[in-house]
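Once you have looked at the hints, place chains B and C on chain A.
Residue numbers (my numbering), protein chains in the order written: chain A, 18 to 331; chain B, 80 to 683; chain C, 66 to 346.
Hints were generated in silico from the structure; no laboratory data involved.
Check each hint, because a few of them may be wrong.
[Said to hold, decoys possible] Every beta carbon over 10 Å from chain A, so not counted as near; a handful from chain B, in silico:
| no. | residue |
| --- | --- |
| 1 | Leu112 |
| 2 | Ile200 |
| 3 | Val233 |
[To be verified] Straight line, CA to CA, 30 Å or less: simulated DSSO-like cross-link-like pairs of lysine-lysine:
| no. | chain 1 | residue 1 | chain 2 | residue 2 |
| --- | --- | --- | --- | --- |
| 4 | A | Lys50 | A | Lys68 |
| 5 | B | Lys195 | C | Lys88 |
| 6 | A | Lys226 | B | Lys485 |
| 7 | B | Lys195 | A | Lys226 |
| 8 | B | Lys550 | C | Lys88 |
| 9 | C | Lys206 | C | Lys188 |
| 10 | C | Lys151 | B | Lys195 |
| 11 | A | Lys50 | A | Lys69 |
| 12 | C | Lys151 | C | Lys188 |
Where is the CB? At the ideal position from N, CA and C, for every residue including glycine.
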Amino acid sequence: MFWYILQRFMASLMLIAVVIAGTFLILHLSTDKVARGILGPDATQEVVLQKKQELGLDRPIIVQFTGWAVRALHGELGRSWFNGEPVIAAIATRLPVTLAIITAATILIAAVSMVLGVFAATRGGRVDQAVQVLSVLGFAIPNFILAILLVSVFAIRLGWFRAVGYQAMFDSPAGWLGTVTLPVIALAVSGISGVAPQVRGALLEALGKDYVRTLRSRGLPWRRVVYRHVLRGSMGPALSMLGVHFIGMFGGAVLIERIFAIPGIGQMSVNAALNSDVPLVMGFVVAVSFFVVLLNLIVDLIQAWLDPRVRMTT
Amino acid sequence: MTDRMPPVPDTRRRSLLARVLRNPLGAICVGYLVLIVLAGVMASSISGHHPNEIFPREIRLGPSAAHWMGTDSSGRDIFSRLLHGTLPTLRDASIAVIVASLLGTLFGLAAGYFGKWLETIGTRVADLLMALPGLVVLLAVRTVVGPSMPLMMVALGIVMSGGFFRVVYAAVLGVRNELFVDAARVFRLSDTRIILRHILPTVRGPAVILAANLMAISIAIQAGLVFLGLGDLFAPGWGNLLNGGFANIYTVPLELLWPSVAIGLTCVVFFLSGNVVRDEFARIGISAAAVALEQGAAEVSAPVDDNTGAPRGRAPVAAHVALTDNQAVLAVRGLVVGYPGAGGQVNRVVDAVDLQVDRGEIHGLIGESGSGKSQVVLSIIRLLPAGGRILAGSVFLGGRDVLRLKEREMDRLRGRYVAYIPQEPMSNLDPVFTVGSQLVEPMRIQLGLGRRAARNRAMELLEQVGIEDPKRVFHSYPHQISGGMAQRILIAGAISCGPSLLIADEPTTALDVTIQAEILELLRELRRQLDLAVLLVTHNLGVVADICDRVSVMRSGGIVETGSVAEVFADPQHPCTRALFAATLDDVPARAPYARRIIEANHG
Amino acid sequence: MVEPLLSIDRLTVTYPGRGFRAKPVTAVRDVSLDVRPGETVGLVGESGSGKSTIGRAILGLAPVTSGTISYAGHDISHARRSEWRKLAGDLQVVFQDPYSSLNPALTIETILMEPVTAGGVPKHEAAQRIRGLLDAVRLPKDSLDRLPREFSGGQRQRIAIARALSVRPRLIICDEPVSALDLSTQARVLTLFREIQETTGVAYLFISHDISVVRSLSHRVGVVNRGRIVEWGECAQVTERPEHPYTQRLLLAAPVADPVRQARRRDRWLAARTNTIPQPR
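So here's chain A without its partners, still in its complex pose (with noise of 0.2 Å):
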């Protein structure tokens, strides 16, 4: 089994290795654009070129590439174009944030999908219709559509919750699930609409097993089949739709953020997208790919944990 996860850890490093290096090499597919972004579209051409040879932009893109990543394997990102900040400090400031919120939010899915799809998978009928109806708009209605909708009714209409702005949660906890709560929600019922009806199928499919039916054959009960059996051998699939998830809300976040003014990565992103602050973009970028590899990792070890199929292959 350790060889089986190292090798699949590997090849998921392999694989971010192989996105940052072609990120990097977007990035400097059109350098003249890149400069004319910083410098605004009217510089003349002399100009443009004065800065890309500032920037280090005219040399082979090889060697930047090379440079680059020997100082990122040293920790070092490079410095913000726009407001010399360095990237690493750039990141770890807003990270957190991010992050705090993007957890918030898997939890929330993990509970609420386990317990819809549960419900809606054993007890049929009604809940079930219902849990299949709210999966279809919650994952149809764009999440930023929905934080707008929101933000206008529980923020502005009613004043439940700040429209705006964030407190870190180590300085006040009530403040910070105050202004989280909406964004947190947001971003969650896709990941609920998606996951939960992945549980309610993982599980309709284990029911009508065969050794279910012979497991009840030898007197075990219902409940007993249900909740030992059925359900450790559906968790697999649900599990890998949830890692999917954490790393799509990288994405969600960037626009949650912007609505609520949260100050985490995916405004900076934004930003050092429009100034054209590429060192910034790849720092984003990289800090996205860490947790691809992480959460390949851990998904891979409960995966194998649950399944002793996994386990053992060599």
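Relative to the frame of chain A, chains B and C by itself:
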């Protein structure tokens, strides 16, 4: 020729669009989409205002006759801006979806069908494209390309093509090894032809569904990008309305509401359209299942045998009933089992079955597939598949009518009085638990044994069913053992709580003949040791001859003949039984040696 | 001496192992056999014995690692596409599973027409031919515009047979063609196979796990165990008086539908078993 032609379902071949339109929800979705496209095309004539026309004295007004949705903070007509934004929004989203579906379909088909290096590269690239969230990639792209929406949408399409590739590729994998594709290969049809004719149709369904979902996602991302200010702020589109409205969220909340509703509704409609398509595809599957059910019903409702035209035989059990009821381990009386059929009807798959198994007897229940024998068995342990209902009759296990028991009482009977051995050994063990824990669990619950006692007993049982290395097998997982071994383990599980009656549903059908002989020998041995009664379901007369004392012959949901094996095999009474014997190949002589004459008769 | 239609000489099929660090699997080892025109050769063996792989190798669906397969004197073990195209009309197949061997989305007419027209036969002639085929396999005339799912297992197998016959082949590989069918349907389909052979002179390589099915149809029989042919000879000799212990066990293990005779067979089987104690698998 007796294979019966089932009735033809009327929803056979109809184009996908026609199917979607016949679905009420589908009609609504298509109607909405047609409506917004038309509204977009005729935007100027509907709204009556130019989208950028400024009404300086009508800033931030609510809805009125002149401005149906009110005006924004610059005094522009919101309705007009919304209408004019429709087509650009849909166009941008379509760019992404078209790019994604073209790339995904092309490479998915190629990778799935040809395999080898195309497959390796395709899946790797798809992994790459799907590694990061689309919006993260788009931010990087935006840094370089600037506010050009079409370019960003092409980039989005490329990113989404990874997901499209996976879906198409998976669909192709599903059919690539189907025998009909092999058959096409044997006819040496060209690859293009095989792909277009035999593979593309199976991919079509999932591709259409995914494209509809991606359309919803693209609209959201397009609007989101513009909302973030990453698009062209002067181009018309729903995202721009959002962006403008968001600045006035406190003063003119409506300005934000209209585009939000338009985006949300359109996304939901695209998503629902995908669902409708999926349902329509599923319905084709259901109608096939309905045909299968009707087939079963047709068999039941036609008690006349096609081969012989004879009616059902002598009433077999009546005499037996009066005789030895107190000895009966199992007595089934007048059992009727039904499944819901088309149009609220009930299909009776078991009709008025009487059956009795006495102490220490091995009773064979024989019949062809679809005769209802498995349904009888599952009724006895009350574990019919979903939809199945016992409509009449009683099932006496040791004198108690189990159909009147509460579920909890029934649980106590299962395993302890009556145990069940399934047909397919591998799928009947829970793959995530060890063999040992699956044996131990029922004993701890049913017999109240402690952990250690149950464990020791499980080891004994494994030895008893002829497993040479019980310790190793105890700690094994189901995927580590063979089919024959799995069947022994299932038998061990069945006898673990000391039942009086063993019900074996085709216990050797999935096994090779040499293993079948071993398993039958084991059953014989266990019967001797444990004084068990066995109800053995099979379609193989040889198995009945080998192990059974009595036999009941089933046909079309009813039992046509019952008797001792010696009697029935020596002198079968019912035409159906005789037909079964006639179909065996036991006494068919070996074919005469090859002679050239046959060919010459043909070619000469 | 009749020239063989198909002859296989020391065929070995090895699959590369699936996945990381997997060992290659040899499914067929050193198999030699021949089929003469109009003859039925039966191959009998248990699941995983490699009998189906032999059939797939002949059809070019499994890789030939070593050895040769010759058809009508030509080596086809590594035939190119163009050569295969010429053989399409000669060499045909009927698979086991009547459910997945017909494309569920196509009508019976399309399924039957496709190979004929692809072989260059004009449309009207092809249409005529497939109507004749429906008669030959006893399917109702109105079957043509129906879909496979509207037919029972036995009927589908008839359609598969008709499809194989549609190009007028000289050899059909039959891979467990009756094992998914009920006993009575099986008997009728076997009769059909025999009739077709008598009227058209087609040869069969008939692969089955059921020794009595093979016996009823084959002129010669090979017994396959673990990728090798362990016994090979005239049908009566192999299926009634086998010499190899494996064949003997296989024969004795299959129960017959007669309690008295079966009791005797069982005693003999038990005696044979105690001589060579098989490991529980």
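Inset, instruction - Quick one: work out the minimum CB distance from B/Val233 to chain A and report holds if it exceeds 10 Å, violated otherwise. - result: Given a closest Cβ separation of 13 Å, the condition holds.
Inset, instruction - Report holds if the minimum CB distance from B/Leu112 to chain A is greater than 10 Å, and violated otherwise. - result: Consistent with the label, B/Leu112 stays out of reach of chain A, its closest Cβ about 14 Å off (over 10 Å).
Legend entry - 30 Å Cα cutoff - pair C/Lys151, C/Lys188: OK: C/Lys151 and C/Lys188 at ~20 Å, within 30 Å.
Inset, instruction - Would you check the hint for A/Lys50 and A/Lys69, treating anything up to 30 Å between C-alpha atoms as holding? - result: holds (10 Å)
Legend entry - Pair hint outcome, C/Lys151 versus B/Lys195 [Cα-Cα no greater than 30 Å]: OK: C/Lys151 and B/Lys195 at ~26 Å, within 30 Å.
Legend entry - Hint consistency between B/Lys195 and A/Lys226 [alpha-carbon to alpha-carbon, up to 30 Å]: violated (34 Å)
Inset, instruction - Measure nothing beyond the straight line between the CA atoms of A/Lys226 and B/Lys485; if it is 30 Å or shorter, mark the hint as holding. - result: Since the Cα atoms of A/Lys226 and B/Lys485 sit roughly 24 Å apart, the hinted pair holds (cutoff 30 Å).
Inset, instruction - Decide if the proposed pair is consistent with the structure: A/Lys50 and A/Lys68, CA atoms, cutoff 30 Å inclusive. - result: holds (11 Å)
Inset, instruction - Would you check the hint for B/Lys550 and C/Lys88, treating anything up to 30 Å between C-alpha atoms as holding? - result: holds (28 Å)
Legend entry - chain A versus B/Ile200 - minimum CB to CB distance exceeding 10 Å, so not interface: holds (13 Å)
Legend entry - Proposed proximity, C/Lys88 with B/Lys195 (alpha carbon, max 30 Å): holds (18 Å)
Legend entry - Pairwise hint evaluation, C/Lys188 against C/Lys206, where the allowed Cα distance is 30 Å at most: OK: C/Lys206 and C/Lys188 at ~18 Å, within 30 Å.
Consistency with the previously given hints fails for number 7 only.
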